[in-house]
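Top to bottom, those sequences are chains H and C. Here the first sequence is numbered in the numbering used here, starting from 9 and rising by one per residue. Here the second sequence is numbered in the numbering used here, starting from 461 and rising by one per residue.
Bear in mind the hints are in silico, worked out from the structure with no lab data behind them. Mixed in with the good hints there might be a few duds.
[Claimed, not checked] A few chain H residues facing chain C, derived, Cβ under 8 angstroms:
| # | residue |
| --- | --- |
| 1 | Tyr18 |
| 2 | Val20 |
| 3 | Met35 |
| 4 | Leu49 |
| 5 | Pro69 |
| 6 | Gly71 |
| 7 | Ser73 |
| 8 | Ser88 |
| 9 | Ser102 |
| 10 | Thr105 |
| 11 | Asn108 |
| 12 | Pro110 |
[Claimed, not checked] Distance ranges between label pairs, derived from CB positions:
| # | chain 1 | residue 1 | chain 2 | residue 2 | range |
| --- | --- | --- | --- | --- | --- |
| 13 | C | Gly522 | H | Thr23 | 42 to 50 angstroms |
| 14 | H | Ile85 | C | Arg529 | 25 to 33 angstroms |
| 15 | C | Gly501 | H | Met35 | 35 to 43 angstroms |
| 16 | C | Glu557 | H | Val10 | 32 to 40 angstroms |
| 17 | C | Tyr558 | H | Asp36 | 35 to 43 angstroms |
| 18 | C | Pro500 | H | Ser16 | 40 to 48 angstroms |
For glycine and all other residues, C-beta sits at the position ideal for the given N, C-alpha and C.
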Amino acid sequence: DVKVTQSSRYLVKRTGEKVFLECVQDMDHENMFWYRQDPGLGLRLIYFSYDVKMKEKGDIPEGYSVSREKKERFSLILESASTNQTSMYLCASSLLTSYNSPLHFGNGTRLTVT
Amino acid sequence: AQSVTQPDIHITVSEGASLELRCNYSYGATPYLFWYVQSPGQGLQLLLKYFSGDTLVQGIKGFEAEFKRSQSSFNLRKPSVHWSDAAEYFCAVAAGEYGNKLVFGAGTILRVKS
């Protein structure tokens, strides 16, 4: 079974802090994704990566950056956290760069910015 | 751009009753469609997917969905709901150049009453 592990279940940070959310997958997947989940809005794609050191903006990249130095790890970075970034963050991975490759999700990191 | 609409934010059904969750998509070509389920405190799990062929697809946990091109719909059904089906359900459509990104609907929260 594919395992996607998000390092923190809950995080509380202060406004202006630099925040790192970490995600690791154990199945040599090509693609990794960061989504943000908010009530009534569903999941919105922040960034994704289809290879090491490669990244592409999703639908809501403003205020975020990402890093993928190793294939198994994909980090989401909030350069200067703001209260409107309080949300649930979900990491996902998929084997291939194809519609036919389902996404596998981690359990999420609930971030609160005060 | 691709989009997904789930008209019902909340649905409550009695245990043993049938269930239908609605999903409408917007996409010019043949869509690749998915249903995911999120149990409380968990990540998303793939229930079923439609790529082509038979418009009635079977998934895990006794769920099925029917693709209707004329109505731009991909509704999820289950003939008899169990209390353990209480969760949030997301419909999604594949997007992007390679179809490896998912665009999600806002989700439908299912409550099951005994």
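Okay, the hints, checked on the actual structure:
Hint on Tyr18 of chain H is violated. Least Cβ distance to chain C is approximately 11 angstroms, over the 8 angstroms limit. A hinted interface residue such as Val20 of chain H counts as satisfied when its beta carbon comes closer than 8 angstroms to some beta carbon of chain C; here the least separation is about 18 angstroms, so the hint is violated. The beta carbon of Met35 of chain H comes no nearer than 15 angstroms to any beta carbon in chain C, farther than 8 angstroms, and the hint placing it at the interface is violated. The beta carbon of Leu49 of chain H is positioned within 8 angstroms of a beta carbon in chain C (closest approach about 6 angstroms), and the interface hint is therefore held.
Proximity of Pro69 of chain H to chain C is violated relative to the hint, the smallest CB-CB distance being about 13 angstroms (cut-off 8 angstroms). The interface hint given for Gly71 of chain H is violated, since its Cβ lies 20 angstroms from the closest Cβ of chain C, which is over the 8 angstroms cut-off. The interface hint given for Ser73 of chain H is broken, as the beta carbon of that residue sits about 18 angstroms from the closest beta carbon of chain C, more than 8 angstroms. Annotation: Ser88 of chain H was flagged as interfacial toward chain C, and the flag is violated, the nearest CB pair being 27 angstroms apart, outside 8 angstroms.
For Ser102 of chain H, the interface hint holds, since its Cβ comes within 8 angstroms of a Cβ in chain C; the closest pair sits about 6 angstroms apart. The restraint placing Thr105 of chain H at the interface with chain C holds, with a minimum CB-CB distance near 5 angstroms, inside the 8 angstroms limit. Annotation: interface hint on Asn108 of chain H holds; nearest CB of chain C at approximately 7 angstroms, less than 8 angstroms. Hint status for Pro110 of chain H relative to chain C: holds, with the closest Cβ pair at about 5 angstroms, below 8 angstroms.
As the Cβ distance of Gly522 of chain C to Thr23 of chain H is approximately 46 angstroms, the hint placing it in 42 to 50 angstroms holds. Separation of Ile85 of chain H from Arg529 of chain C is about 41 angstroms and departs from the stated range, judged on CB atoms against 25 to 33 angstroms. Between Gly501 of chain C and Met35 of chain H the CB atoms are about 23 angstroms apart, so this pair departs from the stated range of 35 to 43 angstroms. For the hinted restraint 32 to 40 angstroms between Glu557 of chain C and Val10 of chain H, the CB-CB distance of approximately 24 angstroms leaves it violated.
Checked against the given bound of 35 to 43 angstroms, the beta carbons of Tyr558 of chain C and Asp36 of chain H, roughly 18 angstroms apart, lie outside it. At about 18 angstroms, the beta-carbon gap between Pro500 of chain C and Ser16 of chain H misses the expected band of 40 to 48 angstroms.
Comparing the model with each numbered hint stated earlier shows that hints 1, 2, 3, 5, 6, 7, 8, 14, 15, 16, 17, 18 do not hold.
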